[in-house]
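Trainee: Here are the chains, one letter per residue:
Number of protein chains: 2
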Amino acid sequence: MKKACIVSIGNELLNGQTVDTNASWLAGRLLEKGVLTAGIWLVPDEKQRIVKAIQDASELGDLILVTGGLGPTDDDLTRDAVAAYLGVELEFHTEILRIINDFFERRGRKMAPTNRSQAYFPAGAAILDNPIGTAPGFWARKKDIDIVVMPGVPSEMKQMFTGHVLPSVEQSLLTARVVCRKLRCFGAGESDIAQKLGNLMERGRNPLINCTCGSGEIILHINAASEDAAAALEMINDDIAAIRGRLGEWVYGEDDQSLPEVVGNLLKKRHQTIVTAESCTGGLLAQMLTEIPGSSEYLLAGWVTYSNEAKIRLLGVPEKIIADFGAVSEPVAQSMAVQAAQKSGADIAIAITGIAGPDGGTDEKPVGLVYIGVLMDGVCQVRECRFSAMNRHWVRLRSALTALNYIRLRLEV
Amino acid sequence: MKKACIVSIGNELLNGQTVDTNASWLAGRLLEKGVLTAGIWLVPDEKQRIVKAIQDASELGDLILVTGGLGPTDDDLTRDAVAAYLGVELEFHTEILRIINDFFERRGRKMAPTNRSQAYFPAGAAILDNPIGTAPGFWARKKDIDIVVMPGVPSEMKQMFTGHVLPSVEQSLLTARVVCRKLRCFGAGESDIAQKLGNLMERGRNPLINCTCGSGEIILHINAASEDAAAALEMINDDIAAIRGRLGEWVYGEDDQSLPEVVGNLLKKRHQTIVTAESCTGGLLAQMLTEIPGSSEYLLAGWVTYSNEAKIRLLGVPEKIIADFGAVSEPVAQSMAVQAAQKSGADIAIAITGIAGPDGGTDEKPVGLVYIGVLMDGVCQVRECRFSAMNRHWVRLRSALTALNYIRLRLEV
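Taken in order, these protein sequences are the chains called A and B.
Under my numbering, the letters of the first sequence match residues 1 to 413, in that order.
Under my numbering, the letters of the second sequence match residues 1 to 413, in that order.
Quick caveat, the hints were computed from the structure, so don't treat them as lab data.
There's no promise every hint is true.
The list makes no distinction among identical chains, and a pair is therefore deemed to hold if it is satisfied within one copy or across any two copies.
[Unchecked claim] The calculated lysine to any residue pairs, modelled on SDA-like cross-linking and capped at a C-alpha distance of 25 Å, are:
#1 Lys320 to Ser215
#2 Lys110 to Leu36
#3 Lys269 to Lys343
#4 Lys182 to Thr73
#5 Lys343 to Glu309
#6 Lys343 to Gly204
#7 Lys47 to Glu202
#8 Lys268 to Ile292
#9 Lys47 to Ser117
#10 Lys3 to Glu91
#11 Lys182 to Glu227
#12 Lys52 to Asp62
#13 Lys47 to Asn210
#14 Lys33 to Thr18
#15 Lys182 to Ala231
#16 Lys196 to Arg107
#17 Lys196 to Thr273
#18 Lys47 to Glu190
#19 Lys143 to Asp363
#20 Lys343 to Leu411
#21 Lys196 to Asn210
#22 Lys182 to Leu411
#23 Lys268 to Asp359
#24 Lys158 to Glu249
#25 Lys3 to Met235
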């Protein structure tokens with residue numbers, strides 16, 4: 001079975017300025033296809049060190065993925081290093097220079113002379129185009145070893161890997177299979193979920209279930225190993241059914257589905273429209289909903305009514321309600337939702353008002369206190385949430401995700 | 001000068017389930033003390049691989065930091081591997097077993113028999129206690145090389161490093177200092193910047209300048225090494241002045257400043273207020289502005305006018321302009337900004353309308369076409385941007401950042 005090694009290049013990876021997320025992402029994608037990663041090397045922008053890491057990697061794996069060091073500046077030495085490892089010269093590719101030149105022209109900019117260096121590649125390497133950046137990658141071979149070199153910018157690397165590398169990896173031979181699936185949960189803590197899952201989470205079990213959490217979301221990773229892909233898939237499907245049975249409405253989606261995507265699909269299915277009225281989340285909820293392609297089908301509009309003045313004048317929240325109860329209160333959340341629905345004619349309105357911090361909290365209304373109102377089918381429900389006041393970003397993110405989860409639960413009924 | 005190497009151990013680091021943040025954290029703390037990290041190795045829980053990584057590391061550094069593989073289970077092999085590298089036996093420490101036992105007793109739990117393995121250490125090693133976990137670390141020496149072994153759990157590792165390792169590192173001889181600063185740029189490509197910086201970016205130069213990029217932002221990392229911290233700081237300040245001189249308005253901030261933060265500071269300084277009117281970015285710009293604590297001082301409100309209907313009814317964009325020019329057009333961007341300012345009474349209004357994709361593009365108006373309007377001091381300027389149609393997320397992020405940059409440039413005048 002093919003084994004992979006990963007070499008991540010860049011001084012910034014060795015001085016604490018950048019965490020290398022590329023290697024972990026690549027290892028995860030490879031494992032999904034049944035390819036194990038034998039080792040990861042992080043090396044600085046130094047030619048001899050890059051060559052040495054590739055040599056060490058070639059002793060352990062027959063697929064070496066290299067990221068970084070393909071930029072146009074003098075500290076980008078990956079092309080030279082790989083050529084040295086392969087024992088070949090760098091060749092200039094006129095047509096690639098033209099593509100890089102076009103890349104700049106399309107953006108109305110002039111290509112700098114240094115970009116010329118990005119049109120040099122080790123002789124014999126296949127060039128991997130980079131539609132979203134100036135640094136093409138390349139794929140070279142030495143004996144039985146494939147070396148794939150990609151840019152270090154994560155978005156460019158991911159697109160190149162998914163487009164050019166993964167299809168070839170899939171073709172090549174893999175017999176034993178590891179199948180991975182994910183179940184995504186919201187509304188319960190890690191220990192609640194572990195308790196309900198019980199024996200399903202035993203170590204050494206196949207499928208193996210791991211749990212990761214972030215932003216209030218719990219993701220269950222289910223990995224089944226078998227000589228036979230179909231058998232592995234069946235084992236995983238049985239587990240998914242069992243987990244869904246035990247966790248019920250806590251499970252909101254599978255694999256890479258996000259909460260905004262799940263909510264969007266429910267809205268499309270019901271042909272309903274939605275609007276948002278946000279105070280403390282300041283547009284985050286609208287941004288999450290509109291990140292989903294095709295969201296214009298259901299999201300009509302959103303208000304960011306950050307100041308009291310904006311709540312009163314732009315949205316029409318009665319001044320007296322704010323004066324009587326304060327901007328962060330159940331009546332204000334309710335009024336925001338009702339007004340937003342009325343002004344827009346949407347089927348559903350969701351309103352958030354709260355204290356994101358770090359300032360603005362009091363004993364009575366501490367940082368992390370958030371009211372979420374959902375108006376739907378003529379009924380407005382407001383829930384009071386008290387999130388831990390970890391930091392501003394966290395309170396806002398938890399608020400927006402919790403709001404999405406409330407909509408999901410009401411739409412799923 | 002002392003150099004460090006880091007070896008991170010654990011199967012989870014090689015299957016995409018865990019990103020190794022320990023190595024980056026350690027490298028950052030070491031650099032603050034003037035110690036450079038020469039390389040980072042990520043290896044699985046396999047004895048021979050751990051031994052080999054430590055051997056490779058010992059050729060490059062004289063301080064080797066090892067994390068992970070100190071747990072009580074069969075796949076925790078770091079103790080064995082380090083003993084093999086040192087050429088010594090493992091020794092059992094009764095007093096450590098008692099400490100581990102106490103750790104469980106204090107929590108009302110019973111120690112499992114497997115935890116006994118955590119009381120074995122390579123002969124001659126100094127034991128580093130772990131007040132918040134069961135796995136003690138240790139510090140061994142072979143010739144001139146120091147090997148420090150710590151748990152992989154980040155909180156335990158950090159406490160052990162800060163408590164036991166850092167003070168010794170500080171004491172040990174280090175006279176030379178490395179000082180790091182960052183300059184953050186927007187509005188130019190990596191190669192434009194490299195060209196303007198020219199000789200400043202030469203390899204081997206001190207200070208050494210590296211360049212990283214993401215989301216259209218370029219970050220210059222400036223590292224100065226000197227025997228004397230004050231001298232290093234002076235070198236860096238000279239470089240910062242030189243870079244600012246060459247790059248001009250491309251530089252928007254230093255170190256960890258973000259574009260929304262810089263814009264917020266400028267607004268506060270000028271006592272001006274701002275509103276947003278967003279179509280394709282769907283609340284992203286408002287969300288970025290309100291992520292900054294204290295943003296209620298200047299951000300009054302925001303509109304997410306995603307549908308044409310919302311642009312007309314909620315914001316007051318004349319229906320005829322949309323009919324004549326289309327929703328993605330210069331006149332609509334202008335009208336959105338003008339209406340938002342009028343309705344809110346804010347000093348500045350910023351409007352974004354564009355095609356984020358993946359659908360909705362035409363030959364005439366492709367995905368990535370975005371109009372950004374800034375109304376300020378009674379003047380509305382609209383700029384047409386053509387971003388690469390990489391993906392929806394990218395187009396939206398570039399749009400919001402570019403809008404922030406336009407505001408910055410107008411506020412800085």
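Trainee: With identical chains, the pair Lys158 and Glu249 could be close in the same copy or across copies; at 25 Å between alpha carbons, which is it: within, between, both, or neither?
Mentor: Intra 33 Å, inter 31 Å, cutoff 25 Å: neither.
Trainee: At most 25 Å between C-alpha atoms: does Lys182 with Ala231 qualify within a copy, between copies, both, or neither?
Mentor: within (17 Å within a copy, 52 Å between copies)
Trainee: Tell me, please, which holds for Lys182 and Thr73 at an alpha-carbon limit of 25 Å: within, between, both or neither?
Mentor: This pair counts as between: shortest inter-copy Cα distance 18 Å, intra-copy 40 Å.
Trainee: How do Lys268 and Asp359 come out at 25 Å by Cα distance, when the copy is not named: within, between, both, or neither?
Mentor: Classified as between: cross-chain Cα gap 17 Å, same-chain 39 Å, threshold 25 Å.
Trainee: Checking Lys343 and Leu411: alpha-carbon separation at most 25 Å within a copy, between copies, both or neither?
Mentor: within (22 Å within a copy, 34 Å between copies)
Trainee: Have a look at Lys110 and Leu36 and pick one of within, between, both or neither, based on CA distance no larger than 25 Å.
Mentor: Close neither inside one copy (43 Å) nor across copies (37 Å); limit 25 Å.
Trainee: State whether the alpha carbon distance between Lys196 and Asn210 is at most 25 Å within one copy, between copies, both, or neither.
Mentor: within (14 Å within a copy, 49 Å between copies)
Trainee: Check Lys269 against Lys343 for me: Cα-Cα at most 25 Å, and say if that holds within a copy, between copies, both or neither.
Mentor: within (24 Å within a copy, 35 Å between copies)
Trainee: Is it within, between, both, or neither for Lys343 and Gly204, if the alpha carbons may be no more than 25 Å apart?
Mentor: Result: close neither inside a copy nor across copies, 57 Å intra and 63 Å inter.
Trainee: Are the CA atoms of Lys52 and Asp62 at most 25 Å apart within a copy, between copies, both, or neither?
Mentor: Result: close both inside a copy and across copies, 16 Å intra and 19 Å inter.
Trainee: At most 25 Å between alpha carbons: which applies to Lys47 and Glu202, within, between, both or neither?
Mentor: between (41 Å within a copy, 15 Å between copies)
Trainee: 25 Å Cα cut-off: does Lys182 pair with Glu227 within a copy, between copies, both or neither?
Mentor: within (21 Å within a copy, 50 Å between copies)
Checked against the numbered hints given earlier, this structure breaks hints 1, 2, 6, 10, 17, 19 and 24; the rest are met.
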